[in-house]
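Enquirer: Using the sequences and the hints given, assemble the complete structure.
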Amino acid sequence: MVQRCSEALRGEDRAFVAGRRVERFAAGAAPAATTVGSLCTFASTTLSVFGAAPFEVGNVLLDFLETQAASRITKINYRKMTVKAEVSGGIGWCSAKLRVCRREGGVSYVEFQRRDGDCISFSHLYQQASRYIQLRGLEVANAPRVAKESTSVLRPPEPPRDGALAAKQCRSQGALGRGPLERPGVPVMALARQARALRDV
67 MVQRCSEALR GEDRAFVAGR RVERFAAGAA PAATTVGSLC TFASTTLSVF
117 GAAPFEVGNV LLDFLETQAA SRITKINYRK MTVKAEVSGG IGWCSAKLRV
167 CRREGGVSYV EFQRRDGDCI SFSHLYQQAS RYIQLRGLEV ANAPRVAKES
217 TSVLRPPEPP RDGALAAKQC RSQGALGRGP LERPGVPVMA LARQARALRD
267 V
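Note that this note's numbering has the sequence shown beginning at 67, numbered continuously upward.
To be clear, the hints were calculated from the coordinates, so they are not data collected in a lab. A hint or two may mislead.
List of simulated lysine-lysine pairs, PhoX-like, C-alpha gap at most 20 Å [what the hints assert, rightly or not]:
1. Lys150 with Lys163
2. Lys163 with Lys146
3. Lys141 with Lys163
Computed beta-carbon distance windows for the label pairs [as the list claims (entries may be wrong)]:
4. Leu264 with Ile186: 52 to 62 Å
5. Asn208 with Leu264: 46 to 56 Å
6. Gln200 with Ala263: 52 to 62 Å
Since we're looking at a predicted model, the values are computed, not measured. Yeah, the Cβ is synthetic: ideal placement off N, Cα and C, and Gly gets one too.
Expert: If you want it as structure tokens, here you go:
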């Protein structure tokens with residue numbers, strides 16, 4: 067069921083786990099099927115993949131981690147069809163576990179679980195992997211929507227030039243009474259009492 071390292075590996079069948087060569091998921095390998103009524107639940111970061119056997123989906127994930135993501139595969143469980151990897155990018159790093167499951171009817175599920183690290187890096191990994199699976203010709207039913215990049219630049223508001231102008235802007239935006247910019251010596255507790263008194267009125 068699983069090719070061993072001692073067997074001859076072709077160039078496209080190579081992956082690295084913590085610096086050593088490992089085998090891909092073998093043809094026909096599949097995790098135990100999960101039934102609709104089972105206690106098995108999936109995370110919200112789960113892709114439904116059609117048109118490929120679970121071992122093919124697992125190998126596509128290994129290809130993605132090896133060639134597209136700045137990652138280091140730390141563990142592969144061939145029986146459970148899980149892959150653990152540390153992924154780094156320009157925005158941070160995360161540790162993730164990817165699990166391939168199958169349901170009756172030929173649907174494969176790829177569950178992405180963040181184990182540690184930055185949630186934005188994890189989201190980026192999830193979106194990139196989904197896009198990569200689709201580019202490999204597989205149908206993903208619930209692919210994440212990627213926000214279109216905005217071309218407009220949001221600029222912060224101009225800072226007020228003086229304290230009186232700032233107080234005027236605060237009053238025009240709905241602030242009641244005299245603001246702290248007009249009375250810089252007022253302690254914070256006094257301002258809190260004034261706010262409570264205004265709220266009770």
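Enquirer: All hints, please: hold or fail.
Expert: Verification of the supplied hints:
| no. | hint | verdict |
| --- | --- | --- |
| 1 | Lys150 with Lys163 | holds (4 Å) |
| 2 | Lys163 with Lys146 | holds (12 Å) |
| 3 | Lys141 with Lys163 | holds (9 Å) |
| 4 | Leu264 with Ile186: 52 to 62 Å | violated (39 Å) |
| 5 | Asn208 with Leu264: 46 to 56 Å | holds (49 Å) |
| 6 | Gln200 with Ala263: 52 to 62 Å | holds (60 Å) |
Going through the hint list in order, the structure does not satisfy hint 4, though it satisfies all others.
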